[in-house]
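Engineer: Once you know that position 138 of the sequence shown is 852 in this note's numbering, the rest is easy, because the numbers rise by one and skip nothing.
Hints are supplied without guarantee of correctness; some may be wrong.
Unchecked claim - Below, in silico cross-link-like pairs of lysine-lysine (DSSO-like), each with a Cα-Cα straight-line distance of 27 Å or less: (1) K868 x K797; (2) K879 x K785; (3) K746 x K785.
Unchecked claim - The calculated label-pair distances, taken between Cβ atoms and stated as ranges, are: (4) K763 x F789: 14 to 24 Å; (5) F839 x N749: 42 to 52 Å; (6) P735 x F839: 40 to 50 Å.
Keep in mind the hints are simulated off the structure, nothing from the lab.
In this text, a Cβ means the ideal position worked out from N, Cα and C, and glycines have one as well.
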Amino acid sequence: SSLDPNFLFINKGYNLRLSDPQASVGIVQLSKLNNYVDRRIEIANHFIKNIINSALLYENIIFQKVLNNAKSSWFGFPVVFKKLHFEEIQRLRKKLLDSKIETRPFLAGDFSLQPVNKKFDHLCFDSLSNIKFIHNKSFALPCHQGITKAEVDKICKIIEQFLSKL
């Protein structure tokens, strides 16, 4: 299957209840939220700067653009590769993982392929070409408050080296 086995949804269900200790930790974490989001924005902007300043990255990668009146919390930094095929993208993800850089499917990939969908009655009215494109051409890079600009530079350099050998 083309699904990342680390991001499989097997069963339907929800678990939306927090225990009291979890809720108390959540309240403390909320006080840190604005700083975390601001730091993630700074890191995302550094990814963008790296892409724009590299002809090789810029000609190969589509990245998210945030509207002027919007603010992204940058759960990850999604990248879409214009020319790479699915197998090449998986090789790049493996190369990054070998360098201890985790990636993840963008939006869990094509959710219509998830095993849990066999448990739902559903109809499909479209070819789902957009999600299939995203599934086959993208992944998300790490973008969190603990990452450094030097680590972003390293990630971009690894991607550049990979692309230069194709």
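Engineer: Compare the structure with each hint and give your call.
Structural biologist: For each hint, the structure was consulted:
1. K868 x K797: holds (22 Å)
2. K879 x K785: violated (36 Å)
3. K746 x K785: holds (17 Å)
4. K763 x F789: 14 to 24 Å: Cβ of K763 to Cβ of F789: about 20 Å, so the range 14 to 24 Å holds.
5. F839 x N749: 42 to 52 Å: holds (43 Å)
6. P735 x F839: 40 to 50 Å: holds (45 Å)
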